[in-house]
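J.: In my numbering, each residue carries its 1-based index in the sequence shown increased by 1.
Certain hints may be false.
Cβ-Cβ distance ranges computed for the label pairs, FRET-style [said to hold, decoys possible]:
| hint | residue 1 | residue 2 | range |
| --- | --- | --- | --- |
| 1 | E79 | Q100 | 26 to 34 Å |
| 2 | L144 | A97 | 31 to 39 Å |
| 3 | G141 | R58 | 55 to 63 Å |
| 4 | G156 | D69 | 30 to 38 Å |
Note that these hints are calculated values from the structure, not bench results. All figures in this text were calculated on a predicted structure; none of them were measured in a lab. Note that beta-carbon positions come from the ideal geometry of N, C-alpha and C, so glycine has one too.
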Amino acid sequence: MLFLIRLGYSMAPLQDRMLRFFFLLLVAAPIGLILAGFAGYRIAKRALLPLDLMAARAESITASNLNDRIVVEHPHDELGHMAKVLNHLLERLEQAFVQLQRFTADAAHELRTPLSSLRATGEVALQESRNESGYRESIGSMLEETTRLNQTIDGLLLLARAFCWHAPRRHGPTVRTRRSL
Numbered sequence: 002m003l004f005l006i007r008l009g010y011s012m013a014p015l016q017d018r019m020l021r022f023f024f025l026l027l028v029a030a031p032i033g034l035i036l037a038g039f040a041g042y043r044i045a046k047r048a049l050l051p052l053d054l055m056a057a058r059a060e061s062i063t064a065s066n067l068n069d070r071i072v073v074e075h076p077h078d079e080l081g082h083m084a085k086v087l088n089h090l091l092e093r094l095e096q097a098f099v100q101l102q103r104f105t106a107d108a109a110h111e112l113r114t115p116l117s118s119l120r121a122t123g124e125v126a127l128q129e130s131r132n133e134s135g136y137r138e139s140i141g142s143m144l145e146e147t148t149r150l151n152q153t154i155d156g157l158l159l160l161a162r163a164f165c166w167h168a169p170r171r172h173g174p175t176v177r178t179r180r181s182l
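Based on the sequences and whatever the hints tell you, model everything.
T.: Written as structure tokens, this is what we have:
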């Protein structure tokens with residue numbers, strides 16, 4: 002005797018479940034990707050906020066407020082190290098600007114003194130009538146002052162050439178960074 006049992010089960014409910022799951026994934030996956038992208042953007046934005054604040058602070062520093070510095074909140078992390086380096090750079094720039102202001106004031110004084118003397122000598126020579134020797138004396142004094150002026154200007158040009166034209170231009174290594182975001 003041989004028995005044969007045949008069982009059958011409809012696959013329709015399983016196929017129906019699989020179809021609903023497929024449509025759920027079809028809708029949920031893009032929404033999930035959009036939410037994940039938005040969350041990633043917010044996290045990255047928040048992580049880069051200290052860098053944005055540092056950049057904004059650095060951009061606000063001009064020649065008129067070189068004594069301002071970047072706040073170092075965490076001196077032992079990478080951003081703290083960068084802030085300290087930028088502050089040292091600002092300090093050196095401030096010192097250079099102070100030296101330049103002193104030099105400019107000194108140079109202006111060195112040029113103004115002979116010019117004032119020239120002008121005064123010329124005005125005095127024109128105010129009163131003189132003989133030939135009086136005019137020669139005035140012109141000789143004026144020539145001495147122009148010689149002094151020329152020496153001052155030659156010294157300034159020599160300094161300018163030494164620092165700008167003939168000084169070797171040293172550029173540090175260029176660091177190229179990739180944008181990772």
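J.: Are the hints correct? Go through all of them and say.
T.: Now for the hints, and whether the structure bears them out:
1. E79 x Q100: 26 to 34 Å: holds, 32 Å
2. L144 x A97: 31 to 39 Å: Given a distance of about 37 Å, which is inside 31 to 39 Å, the answer is holds.
3. G141 x R58: 55 to 63 Å: holds, 60 Å
4. G156 x D69: 30 to 38 Å: Holds, since G156 and D69 (Cβ atoms, about 35 Å apart) stay within the stated range.
In this structure, every one of the numbered hints holds.
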